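Asker: Below, each chain spelled out in residue letters.
2 protein chains.
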Amino acid sequence: MQTPLLKPAITAADRVLLEIQRAIVEGDITAGSKISEPELAKRFDLSRAPLREALARLERCHLIERIPNAGARVVKLSTQGLLSLYQLRETLEGLACRLAAEHMADSEISELRALLDQHLSTQRVREGESYYQEAGDLDFHYRVILGSKNEYLINILCDELYHLVRMYRVQLGMNGPRVSRAFDEHKAILNAIANRDGELADLLMRRHIAASRRNIEKQLEQTGT
Amino acid sequence: MQTPLLKPAITAADRVLLEIQRAIVEGDITAGSKISEPELAKRFDLSRAPLREALARLERCHLIERIPNAGARVVKLSTQGLLSLYQLRETLEGLACRLAAEHMADSEISELRALLDQHLSTQRVREGESYYQEAGDLDFHYRVILGSKNEYLINILCDELYHLVRMYRVQLGMNGPRVSRAFDEHKAILNAIANRDGELADLLMRRHIAASRRNIEKQLEQTGT
DNA sequence: TTTAGTCTTATTGTCGACAATATTGGCCTT
DNA sequence: AAGGCCAATATTGTCGACAATAAGACTAAA
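From first to last, the protein sequence lines are chains H and P.
Start counting the first sequence at 1; every next residue gets the next number (our numbering).
Start counting the second sequence at 1001; every next residue gets the next number (our numbering).
If you are wondering where the hints come from, they were derived from the structure by calculation, not from laboratory data.
It cannot be assumed that every hint is accurate.
As the list claims (entries may be wrong) - Keeping only pairs whose Cα atoms sit at most 25 Å apart, straight-line, the calculated PhoX-like set for lysine-lysine is:
#1 Lys76(H) / Lys1149(P)
#2 Lys1076(P) / Lys149(H)
#3 Lys149(H) / Lys1149(P)
This one's a predicted model, so the numbers in the text were calculated from it and none came from an experiment.
Turn these sequences into a full structure, and let the hints steer you where they fit.
Answerer: Listed below in structure tokens is the structure:
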């Protein structure tokens, strides 16, 4: 059974939302640039009404910033923003792990274990191809978050912060060599969840994200400044 | 200096948002009821365009739930929802306290202390009047959250979860006798922040919110079931 | 030359109407 | 009589145009 949680973009506003989201995350629309409603409407060939709906949701996930009567700008990436974002992720995904250890069904856990093994093998085949690793990493986190069974937590992490995290990763070029270590950490987290040890799962996830943050920061000070 | 962080509702969509928010929180629009766009548009005497903008933001703060092409319903209160919400608040406001202990300026701390003393005195005068206590309580939490200086955290707690918390409190009739104890707990939290003891502040805030949650649960099982 | 003010221009916010989709009621079939 | 199918209705999604506001250019005065 495929997870039916991602609605397949029924309305036009949904479709254009996905397109713009991708464009912003991948830097196709430059960070910090001003957004022109008429221009985007023409570019995606629809009216301003659904476009504005999409912009409202983009603001919700912190990809753009709007000022009333003034317009919208694509968010600018900053060290401060990255720090704030990962601070929050540490706490929230830690909580997600603790709750997942309580609420995940045994079947979900074994599915997740299968997924990890699968990722490991495909990763061995495609060494260096960071895209798959990235997708796999996000998938793991995604499932744990869903396993928390807390609707608000799921909404915040999967709908609101998810794309911004991806934006930082993509635009800072995170193809780092942290791949194999991340796998081990995922495995350890999963074991804690399987043992219903929420406290340990929480701790391990916080460490895992902190390590990821330090990794990005290192990348940042090499590239930038 | 008054905090200029709440924009004074420039646009029509902003105004109607505030009105509908209040109406939902205070039960003027029944929980679980269906929302009719034409009806609300007529009721507030504006077009559907700004109304839909308002509805989008209401969905963002979990006061309504929308289904594409089907419509929107006011959220229903449930024990499960309350639990999820307070679970999240415990963690998030705990984090806010820890960060506030790091980032709040001394001036902000003394202002907050003054505010607490003021609340205490006015509360002694107006014993039983729960409204002021409620406002004061929210104000304290609000300031601590702002003190965290984490934009994402602030956004989540103040913009997205705040009104839902109020909705639970109002509609479950929270005028409880937890008043004086809450004051003491606030004081203790503030002291920890002033001592720059983030860990303690975190712990105390989590306990504070857990106590508040148990209080509401007790209220709930008296009223409901 | 700088600065203040005004006017032009462009963008956002709002409106009413149309198109597409879901819901409701009635009708027919079994 | 019950259940399913279809039409009628109502509601949502989308469109193009207008109004209100902000940004930018140009002029004029210090």
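Asker: Against each hint, give a clear statement of whether it holds in the structure.
Answerer: Consistency of the hints with the structure:
1. Lys76(H) / Lys1149(P): holds, 18 Å
2. Lys1076(P) / Lys149(H): Satisfied, since the Cα-Cα distance of roughly 18 Å is no more than 25 Å.
3. Lys149(H) / Lys1149(P): Violated - the C-alpha atoms of Lys1149(P) and Lys149(H) are around 29 Å apart, more than 25 Å.
Hint 3 from the list above is the single one not met by this structure.
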